[in-house]
Amino acid sequence: MSDVTTLYGLCASGLIAIGIYGFSLQSEPLRRIISFNLIGTGVFLLFGVAARRAAAAGFLADPVPHAMVITGIVVAFAATALTVALILRLAELNTDPEENIQPEARDEKSA
Amino acid sequence: MSMLPDLLLVMLVLGAALWTVAARDRRSSVIGFIALGLLLALVWMRLYAVDVALTEAAVGGGATGLLLLRACARLDSIDAGKPSAGRTLQLLIGFCCAAMGVGIAAAALGGPDLPPTLAPAVAANIDAVGLGNPVTVVLLAYRAIDTLLEKIVLIAALVGVWSLAPDDVWGGPPASLKLAKASEPLTFLAQILPPVGFVIGVYLIWNGADEPGGTFQGGTVLAAMWLLVMLAGLAEPPETRRALLQYLVVFGPAVFLISGFSGFWLAEGFLSYPTGFAKTMIVALEVALALSIAVIVAMMLAGPSARTPR
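As you go down the protein sequences, you meet chains A and B in turn.
Heads up: the first sequence begins at 1 in the working numbering, then just goes up one per residue.
Heads up: the second sequence begins at 1001 in the working numbering, then just goes up one per residue.
FYI, nobody ran anything at the bench for these hints, they're computed from the structure.
Incorrect hints may have been included.
[To be verified] Simulated coverage check for chain B against chain A, where a stretch passes if three residues somewhere in it have a Cβ under 8 Å from a Cβ of chain A: (1) 1052-1059; (2) 1129-1138; (3) 1187-1200; (4) 1291-1303.
[Claimed, not checked] Partner residues aside, some chain A positions facing chain B, computed with beta carbon under 7 Å: (5) Val4; (6) Gly14; (7) Tyr21; (8) Leu38; (9) Ile39; (10) Thr71.
[Unchecked claim] Listed next, with one range per pair, are the computed distances between beta-carbon atoms: (11) A:Ser24 - B:Ile1145: 43 to 49 Å; (12) B:Leu1092 - A:Leu90: 44 to 50 Å; (13) A:Ser24 - B:Met1045: 28 to 34 Å; (14) A:Leu86 - B:Gly1197: 27 to 33 Å.
Note that the Cβ used here is the ideal one computed from N, Cα and C, for glycine as well.
With the hints as constraints, model all of the structure from the sequences given.
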């Protein structure tokens, strides 16, 4: 049993390392978000390994870290949705010069 | 038991992770990330975390994957990629990250032989609450405050997404999810699958009290069914200014909050349940929360109000 948790612990550390590498080197915002999510999944997996090692009281794993990871996955999804929306809006503003004009200026132009 | 399947799984996970970072274009990277989410669901199964596996498959692979794929499609028409860093810098950062990974592994695996555990505390709570699934007990009784705050985060993030709408279409519907080229198999699927998916979603919510499953897993399945119908063009996303939609978004968290405060009078304090009624209240809360989660997830994936394409 301990061998399996060691293996997945190494897997989690690998995910975090790969995620940090991608996060520091990618230039596209969307790919940075993906890399950041890689770091997140690695951290969650560390929780899973800790939960499995802390099996007690008749459970195969400690349920408290599991619940925290579920909450974490949900919050990570919410943060990803918000950042993706920000990126899309930014890209729109950068390409559409009409949008860069302030609303008052646009009114004057149309008047 | 043989370690070979685990070793293979770990190699696949790390391979998928490397692919998402190294892939040449955005779309391949996203597809690698979706594959990674599904592989991670298997990893969670190996760690005896069935509830987490369901969440990871539904949210990590499914919902996040759809979100990123849609973003790809939108971005491809807007901007092109930029050049990446030089080779020396890549090697240097790669070395630093590898060292960091080794450090994390040493810290995570070198702990005490008998790590601290909260499992006995949960076991004591299970008897008091009367639910069979320990993770649900933690989520809705033992550590209900975490779950309550998570719902608040979801609402805040949805408000954030909606507030990115351009001024002139404020409160209007999000961009249509309908595909430019109508696909007959997709339309067929969107007509056949939702009843089945609805039953599975409700089953996951209902079953979450005693067996693996729960509000978020079930809610995401319900959201996926709605999204499928919108993708096939059989329904359009609702206007974000609609009162019914906004009530549905806050309904679950509001019920949770009211039931939490009622704990002051009916039970021992905030977010505690009166003895004997704990299971009834938790199941009722789960139904209310799942409804709101389904709407929130679907609306987050649909994005802010947008102009109709010119």
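Okay, the hints, checked on the actual structure:
A stretch counts as covered by a chain when three or more of its residues have a beta carbon under 8 Å from one of that chain; for the region 1052-1059 of chain B and chain A the count is 4, and the coverage holds. Evaluation of the coverage hint for the region 1129-1138 of chain B: fulfilled, as 4 residues show C-beta separations to chain A shorter than 8 Å, against a requirement of three. For the region 1187-1200 of chain B, the stated coverage by chain A is not satisfied: 0 residues place a CB nearer than 8 Å to a CB of that chain, which falls below the threshold of 3. Here's how the region 1291-1303 of chain B fares: 4 of its residues keep a CB closer than 8 Å to some CB of chain A, so the rule of at least three is met and the hint holds.
With a cut of 7 Å, the hint placing Val4 of chain A at the interface with chain B holds, because the nearest CB-to-CB distance is about 6 Å. Here the hint on Gly14 of chain A is kept, as its CB sits about 5 Å from the closest CB of chain B, short of 7 Å. Residue-level restraint check for Tyr21 of chain A holds (minimum Cβ-Cβ distance to chain B is 4 Å; threshold 7 Å). Interface restraint check: Leu38 of chain A against chain B, minimum CB-CB distance 6 Å, threshold 7 Å, status holds.
A distance limit of 7 Å between C-beta atoms decides the matter here; for Ile39 of chain A the minimum to chain B is near 10 Å, and the interface restraint is violated. The criterion of a C-beta within 7 Å of any C-beta in chain B is met by Thr71 of chain A, whose closest approach is roughly 5 Å, and the hint holds. Checked against the hint of 43 to 49 Å, the pair Ser24 of chain A and Ile1145 of chain B fails, with Cβ atoms roughly 35 Å apart. The hinted range of 44 to 50 Å is not satisfied by Leu1092 of chain B and Leu90 of chain A, whose Cβ atoms lie roughly 29 Å apart.
Between Ser24 of chain A and Met1045 of chain B the beta carbon distance is about 32 Å. The supplied range of 28 to 34 Å therefore holds. Range check, Leu86 of chain A to Gly1197 of chain B: about 30 Å between beta-carbon atoms, so the 27 to 33 Å window is met.
Consistency with the previously given hints fails for numbers 3, 9, 11, 12, ordered from lowest to highest.
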